[in-house]
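Enquirer: Here is how the chains run, residue by residue.
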Amino acid sequence: MHELAICQSLIDQVEAIAHERQAVTVVSITIGLGALSGVEPQLLKHAYPVASADSIAKDAELLIDELPTRIRCTSCSTESDVPPNKLVCPECGEWRTTLISGDELLLMSVELQTAEPAVAQRDY
Amino acid sequence: MCNTCGCNITPGNEELIRPGGKLATTESGNEAVTVLHNLLHENDHMASHNREHFDAHNVLAINLMSSPGAGKTSLLEATIQQLDPDLRIAVIEGDLETENDAERIRKHGVKAIQIATGSACHLDAHMIHDALHNLDLSEYDVLFIENVGNLVCPASFDLGQHQNVALLSVPEGDDKPAKYPVMFRTADLVMISKTDLLPYLDDFNPERTRRYLQEIASTAPIIELSSKNGEGMSDWTAWIGQQVAERKRHLEAHPALSAHAHHTHDHEHEHEHQHIHSHAHSHHR
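Line by line, the protein sequences give chains Y and F. In terms of the numbering used here, the first sequence opens at residue 35 and continues consecutively. In terms of the numbering used here, the second sequence opens at residue 19 and continues consecutively.
To be clear, the hints were calculated from the coordinates, so they are not data collected in a lab. Don't take every hint at face value.
A few chain Y residues facing chain F, derived, Cβ under 7 Å [stated by the list, open to error]:
{"no.": "1", "residue": "V122"}
{"no.": "2", "residue": "T131"}
{"no.": "3", "residue": "V144"}
{"no.": "4", "residue": "L146"}
{"no.": "5", "residue": "Q147"}
{"no.": "6", "residue": "T148"}
{"no.": "7", "residue": "A149"}
Below, in silico cross-link-like pairs of lysine to aspartate or glutamate (EDC-like), each with a Cα-Cα straight-line distance of 20 Å or less [to be verified]:
{"no.": "8", "chain 1": "Y", "residue 1": "K79", "chain 2": "Y", "residue 2": "D46"}
{"no.": "9", "chain 1": "Y", "residue 1": "K120", "chain 2": "F", "residue 2": "D192"}
{"no.": "10", "chain 1": "Y", "residue 1": "K120", "chain 2": "F", "residue 2": "D206"}
{"no.": "11", "chain 1": "Y", "residue 1": "K92", "chain 2": "Y", "residue 2": "E49"}
{"no.": "12", "chain 1": "F", "residue 1": "K197", "chain 2": "Y", "residue 2": "E125"}
{"no.": "13", "chain 1": "F", "residue 1": "K125", "chain 2": "F", "residue 2": "D148"}
{"no.": "14", "chain 1": "Y", "residue 1": "K92", "chain 2": "F", "residue 2": "E49"}
{"no.": "15", "chain 1": "Y", "residue 1": "K120", "chain 2": "F", "residue 2": "D193"}
{"no.": "16", "chain 1": "F", "residue 1": "K125", "chain 2": "F", "residue 2": "D113"}
{"no.": "17", "chain 1": "Y", "residue 1": "K79", "chain 2": "Y", "residue 2": "D93"}
{"no.": "18", "chain 1": "F", "residue 1": "K129", "chain 2": "F", "residue 2": "D159"}
{"no.": "19", "chain 1": "Y", "residue 1": "K120", "chain 2": "F", "residue 2": "E225"}
{"no.": "20", "chain 1": "F", "residue 1": "K197", "chain 2": "Y", "residue 2": "E49"}
{"no.": "21", "chain 1": "Y", "residue 1": "K120", "chain 2": "F", "residue 2": "E233"}
In this text, a Cβ means the ideal position worked out from N, Cα and C, and glycines have one as well.
Same shape as in the complex, but just chain Y (with noise of 0.2 Å):
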């Protein structure tokens, strides 16, 4: 169960945002997560009530993004979206491909509640 551990880091993140942003409260959580990465999203959304308890985060709604598992091929370029353990071009069937996408484990934005008027939209 290592996404109780990847919950707890996520926790962090975002109460480090929050607190930086004087966030009043936050409202919604979106990760993107790769079939690559690990982690299984219906795990991840079980430990989020237990790791967000007392946190800043505890009733922000968690949004998982499931990202493509998207290969290129180092003979044909091709690129394509394969399932995870079968990373072979399926134009030509070269096994010596790049993953382009799908291993991501990303924390992607956080929407905050601030006490201020909000500010439309700021890199972090």
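Fit chain F to the known structure of chain Y by using the hints.
Expert: For chain F alone, kept in the frame of chain Y given last:
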């Protein structure tokens, strides 16, 4: 992955964060903060710090991963017997409970530190960092980290190692790379262990393992080995020797790596401890 050059933006997520994408705006007037941090940012930061320690002392760190009972400790025992005696070895053992594995290693006169993870299913970079406080790295050339027996969780946590080795023992079946692609994709070397059992378990076909590894685009070399009858041991010790030599060449070519680590060590260290401290503090509030 770093958080400065945009390499976190992959074809899988770029459409989400492009202007007008669903992460760029929020309907209810709340503040949307784009982050794009790896969730294991803190672990990865600590792992880089560990790697600096290793590089500063010319230590090659090898992370051994497998399911429980694949023969990691037996492999280490055989390795101690057969590795070039000029290479000084230390071992960090990770298990949920007991000092058993560390004691097995110590019987061979080799320094072993046991990490008992309690209920944690993997080692993380902070546990390794704590263990390094009990290890004078200047006395060693190769550090083996025997991870918790588990084909799932350890794959997600960088410890600061230079090489990942995944063991797959013959009784487990030849299709493990297809079942656990995340683990086997991280491996720089795959070892098929307990090959002395091949005559009895004839449904295990090493060729099939090879094919499954290709299907996850793994270019890792494969060694078939039995720590019991010694088959493949010379390939393994030769591979270690080769990694040590390559590491030395790399550090000689980039003297700043080890020099820099020496120079910044104290500062970095202080920073880390402060960091940990302030975290502990915020949890207590």
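Enquirer: Hints numbered earlier in the text: which of these fail when held up against the supplied structure?
Expert: 7, 12, 13, 20
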